[in-house]
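Protein chains: 2
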Amino acid sequence: MAYRKTPAEIGRLEAAREHLVASATAVVAEVGWAQASVTAVAAAAGIAAGSVYQHFPSKAALAVEVFRRAAGREVEVLGQVLHEPGDPVERLARGVEVCARRALENRGLAYALLAAPAEPAVGAERLDFRRRYRALYAEVVREGIAAGRLPAQNAEITAAVLTGAIGEALVDPLADPDPDGTGQLLADLTAAALRCAGAPTP
Amino acid sequence: MAYRKTPAEIGRLEAAREHLVASATAVVAEVGWAQASVTAVAAAAGIAAGSVYQHFPSKAALAVEVFRRAAGREVEVLGQVLHEPGDPVERLARGVEVCARRALENRGLAYALLAAPAEPAVGAERLDFRRRYRALYAEVVREGIAAGRLPAQNAEITAAVLTGAIGEALVDPLADPDPDGTGQLLADLTAAALRCAGAPTP
Chain D
25 MAYRKTPAEI GRLEAAREHL VASATAVVAE VGWAQASVTA VAAAAGIAAG SVYQHFPSKA
85 ALAVEVFRRA AGREVEVLGQ VLHEPGDPVE RLARGVEVCA RRALENRGLA YALLAAPAEP
145 AVGAERLDFR RRYRALYAEV VREGIAAGRL PAQNAEITAA VLTGAIGEAL VDPLADPDPD
205 GTGQLLADLT AAALRCAGAP TP
Chain V
25 MAYRKTPAEI GRLEAAREHL VASATAVVAE VGWAQASVTA VAAAAGIAAG SVYQHFPSKA
85 ALAVEVFRRA AGREVEVLGQ VLHEPGDPVE RLARGVEVCA RRALENRGLA YALLAAPAEP
145 AVGAERLDFR RRYRALYAEV VREGIAAGRL PAQNAEITAA VLTGAIGEAL VDPLADPDPD
205 GTGQLLADLT AAALRCAGAP TP
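Going line by line, the protein sequences match chains D and V.
Counting in this note's numbering, the first sequence runs from 25 upward without gaps.
Counting in this note's numbering, the second sequence runs from 25 upward without gaps.
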């Protein structure tokens, strides 16, 4: 009979994997993808470098998992905000503001998700992440048009503009170790997003 | 006395390097960064793989040169369009349209510049490329505000929005091997860009 892991063993393995992913995420947020070596991640997790490979076949596979988890949380939060009841234009404004605020509150990780040079496997994940943002924004823009709150427009293009806008407008502020005027930045970015969608100026 | 290359030798080396960069650019446009191996590039240039290293210390160094040349041409074209005489809003619209049209006419290379997963060294170049786009757009937006053609706004944010917008809105169309509606895409993207800048709707 083949050896089977007991439920307790499986639980321990899963907990160790979770701990490793959390440690790797913290290292990536601190030093970026390029510097987040297996050695550095293992040290942060308090395990031997070789043990990393019990959970992930390569550094790239671990990086992809770190990216997916962190990006998945952001997509989920945006989805929640955009799917709340109420006026589509207000939800859109709030969605942009929440995304940008969360990024500015967790600058290292946000920079890693949005812009930091990374291995190609992470680059491919980034394209998918942005595609999910676009889909969420396109939905609320279409709702705004249907409700007569936004003018007729190509909702896919506006969604791409909003997704690209948030990423691009935050790149420099996220890389700035000592930024000021976060409140103003959020207000200006939200205003630009509403202009893009053709929302009436408040 | 140390050996010195003659002017003729220097000329031959430079011509060989130019030919290599042009061949590598064609390969990248065709198959992307990941597949553009030194072997593939050497074959395209009609030289031995080892000869590539006479000109570039690594595949990454060659990729960076390919990126810089191609991106540099795009930045230059945008600068020329935006610096023409005339109304800033019209120049802005024309700048967005020209960038997008050029990308759609050279899809493989544009996708490589904008989005294709690439080594980290190319990712760093991409950040710089986008920064130069932002600077050009910010300038014309400020001119539009000064001329009373655009409302008061944070020109840096609008420039980031425009830069991010173009990249993001083109990602899927550029990856589509058989797109239709290029004219409509250009019109919709230009309209969205003008809305972002708060230009009066035509």
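Just to be clear, a hint being listed does not mean it is correct.
Among chain D residues calculated to face chain V with C-beta under 7 Å, some are [as the list claims (entries may be wrong)]:
| no. | residue |
| --- | --- |
| 1 | 73 |
| 2 | 117 |
| 3 | 181 |
| 4 | 187 |
| 5 | 192 |
| 6 | 214 |
Hints are computed from structural coordinates only; laboratory data are not their basis.
Note that this is a predicted model, so its numbers are computed, not measured.
Idealized CB from N, CA, C, for every residue including glycine.
Taking the hints in turn, this is what the structure says about them:
1. Checking residue 73(D) against chain V by beta carbon gives a least distance of about 21 Å; that is not within 7 Å, so the hint is violated.
2. Because the beta carbon of residue 117(D) sits about 15 Å from the nearest beta carbon in chain V, more than 7 Å, this interface hint is broken.
3. A least Cβ separation of about 5 Å between residue 181(D) and chain V falls short of the 7 Å threshold, and the interface hint therefore holds.
4. Nearest Cβ of chain V to the Cβ of residue 187(D): about 5 Å, under the 7 Å cut. The hint holds.
5. A hinted interface residue such as residue 192(D) counts as satisfied when its beta carbon comes closer than 7 Å to some beta carbon of chain V; here the least separation is about 3 Å, so the hint holds.
6. Violation of the interface hint for residue 214(D) is found here, the shortest Cβ-Cβ separation to chain V being roughly 10 Å, above the 7 Å cut-off.
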